[in-house]
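A.B. asks: Here are the chains, one letter per residue:
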Amino acid sequence: MQLYLPIADIPVNVFLILAMGAAVGFVSGMFGIGGGFLMTPLLIFVGIAPAVAVASVASHIAASSFSGAISYWRRRSIDPLLAAVLLTGGTIGTALGVWTFTLLRSLGQLDLLIATSYVILLTTVGGLMFWEGLRALLRARRGGAATIRRPGSHGWIHGLPLKMRFKRSKIYLSVIPVVVIGLIIGFIGAVMGIGGGFILVPLMIYVLRVPTSTVVGTSMVLTLVTMVFATMLHAVTNHLVDAVLALILMVGGVTGAQFGARAGQKIRGEHLRLLLGLLVLSVGVRFAIELGVRPNDLFTVRETGGGG
Amino acid sequence: MIARASLILASLLLGVGLAASPAGAERLIVSVSNHRVTVTPNYSGEELVLFGSVEKDATTPAGRTYDLVVTVSGPRADMVTRRKERKFGIWINTDSRQFLKVPTYLALFSNRPFDVIAPPEVQRRQQLGLKNVLLTQRVGPDYADVVPDDPFRSAFVRLRTEHGLYREAQSAVTFLTPTLFRTGIPLPGEVPIGTYDVEIKLFADGALVTRTETAFEIVKVGFEQFIANAARNNGFTYGLVTAFMALMTGWMASIVFRKD
Numbered sequence: 001m002q003l004y005l006p007i008a009d010i011p012v013n014v015f016l017i018l019a020m021g022a023a024v025g026f027v028s029g030m031f032g033i034g035g036g037f038l039m040t041p042l043l044i045f046v047g048i049a050p051a052v053a054v055a056s057v058a059s060h061i062a063a064s065s066f067s068g069a070i071s072y073w074r075r076r077s078i079d080p081l082l083a084a085v086l087l088t089g090g091t092i093g094t095a096l097g098v099w100t101f102t103l104l105r106s107l108g109q110l111d112l113l114i115a116t117s118y119v120i121l122l123t124t125v126g127g128l129m130f131w132e133g134l135r136a137l138l139r140a141r142r143g144g145a146a147t148i149r150r151p152g153s154h155g156w157i158h159g160l161p162l163k164m165r166f167k168r169s170k171i172y173l174s175v176i177p178v179v180v181i182g183l184i185i186g187f188i189g190a191v192m193g194i195g196g197g198f199i200l201v202p203l204m205i206y207v208l209r210v211p212t213s214t215v216v217g218t219s220m221v222l223t224l225v226t227m228v229f230a231t232m233l234h235a236v237t238n239h240l241v242d243a244v245l246a247l248i249l250m251v252g253g254v255t256g257a258q259f260g261a262r263a264g265q266k267i268r269g270e271h272l273r274l275l276l277g278l279l280v281l282s283v284g285v286r287f288a289i290e291l292g293v294r295p296n297d298l299f300t301v302r303e304t305g306g307g308g
Numbered sequence: 309m310i311a312r313a314s315l316i317l318a319s320l321l322l323g324v325g326l327a328a329s330p331a332g333a334e335r336l337i338v339s340v341s342n343h344r345v346t347v348t349p350n351y352s353g354e355e356l357v358l359f360g361s362v363e364k365d366a367t368t369p370a371g372r373t374y375d376l377v378v379t380v381s382g383p384r385a386d387m388v389t390r391r392k393e394r395k396f397g398i399w400i401n402t403d404s405r406q407f408l409k410v411p412t413y414l415a416l417f418s419n420r421p422f423d424v425i426a427p428p429e430v431q432r433r434q435q436l437g438l439k440n441v442l443l444t445q446r447v448g449p450d451y452a453d454v455v456p457d458d459p460f461r462s463a464f465v466r467l468r469t470e471h472g473l474y475r476e477a478q479s480a481v482t483f484l485t486p487t488l489f490r491t492g493i494p495l496p497g498e499v500p501i502g503t504y505d506v507e508i509k510l511f512a513d514g515a516l517v518t519r520t521e522t523a524f525e526i527v528k529v530g531f532e533q534f535i536a537n538a539a540r541n542n543g544f545t546y547g548l549v550t551a552f553m554a555l556m557t558g559w560m561a562s563i564v565f566r567k568d
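In order, the protein sequences belong to chains A and B.
For the first sequence, position 75 matches number 75 in my numbering, and the numbering has no gaps at all.
To get my numbering, take the position in the second sequence, counting from 1, and add 308.
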């Protein structure tokens, strides 16, 4: 069934978009990541202008993370205090990121910087998670403790002042690293145009030692707030949010996210981390190949402004 | 068939502007089947038909055979063509050229190959064919078109052609009688919204005899128009509604799929 999108200005197949939304929603519900790094390239592939794709995906992620967050909330897998502290850092980070973005654009070479940092970030994070997940799995196979909370591994992070008790996550931790991590995510998100869930989840697991049970739900709250703001920002500044496209993506996305969240609860922690690591790594490798291999077409055409 | 076409033509004549050539020998009368293409949710492109007739008068030399070139150009926009190059071991956009106010849609139709219609000099002057159409580029401080085989220009034309937005067909115009002609104007779903100019040029013996123009527009109506206007004029409200819609959809899903 073809439907003409009012802002993207092209006809699309509704069922294809619905299926894409559901598939990405499933992944996002399962791992507590936004999934924007998967959805945006898919939409561009279908023929939607990149700017419209990025702007509309933000609202799609808001919907699926909200639906996911509700179901995690019911299972008491969200730490509201932790989310609030992370958001404080995130807000500052986003403002810094937008400022840096403007600065970098005036210096030129922004494309190169974004492309390379994207690859480095995805492959490093993905590789580390995959490796750790694999080791945890092997340990479990051998009958050892499949926990990442190794005794005596309280590093310098746990020696920082301003400690706070995050009851839901059952951790007693300084707010400084939490705010800093929120800041990093906000910064990276604004500079690279991604939600940052796939970096936040591993950072929370490995640096903050937040138990896997509350990581996903809490990360989802952060994604939700960021994406609602992003939707507003895109709608007000460049008027490129396609509400019809967004609605189709949302309906597919929330359905997928529900099943994804359920699947995520069933899978064991180390399996989940292994799968997420594999996913992030493969996207990173795909980008790396794209940069390293001579493209089929060296030329691209992009509209830069209406001339009437 | 011819009689029916003439009948359609006759009924069209009332609403059509007549273009008289200064020479006064021939006159072109044309009309498109639809001057206002409306975009509704189920719009997925359309094909228009251009009808026309060559009117002769007493001064017209007898036994002339005519050639026609139809140029359809869509709303103009600035575009940039980028070229990737290997730099620091990776492929990255390096060089780029800006095309200024070039048609977003461009179609060139004729009844036979341009080379047969007119000599190269006339083809260039009359912008016959994609290789002769003026596409202004900004080259440093200058504004100019470049040679047809310029890599950026040919890549630009090639990419637009691949998307069906630039096209050239040298046998698309059909003469139903020696003076009555028609051609189809295919508009794929991705064509931009806006006003389209149609220019019809009549050639005889390799020279331009007369020309005329007409136009049609592609407009969003109803729901499509409402959404587009809301997004442009009330960005804040539009954003709020979209964000609210996202939250509602998410909430609905969690109710629908609730197990207990």
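No lab work stands behind these hints: they were computed from the structure.
The beta-carbon is built from N, C-alpha and C at its ideal position, and this holds for glycine as well.
Some clues are possibly wrong.
[As the list claims (entries may be wrong)] Counterexamples of contact, computed for chain A against chain B with all Cβ distances above 10 Å:
no., residue
1, Leu112
2, His239
3, Gln258
[Said to hold, decoys possible] In silico EDC-like links for lysine to aspartate or glutamate, alpha-carbon gap of 16 Å or less:
no., chain 1, residue 1, chain 2, residue 2
4, B, Lys409, B, Glu429
5, B, Lys528, B, Glu507
6, B, Lys409, B, Asp450
7, B, Lys409, B, Asp505
8, B, Lys395, A, Glu290
9, B, Lys392, A, Asp297
10, B, Lys392, A, Glu290
11, B, Lys439, B, Asp423
12, B, Lys409, A, Asp297
13, B, Lys409, B, Glu476
14, B, Lys439, B, Glu498
15, B, Lys439, B, Glu429
A.B. asks: Of all the hints given earlier, name the ones this structure violates by number, lowest first.
C.D. replies: Checked against the structure, the hints that fail are numbers 1, 2, 3, 4, 5, 12, 13 and 14, while the rest are satisfied.
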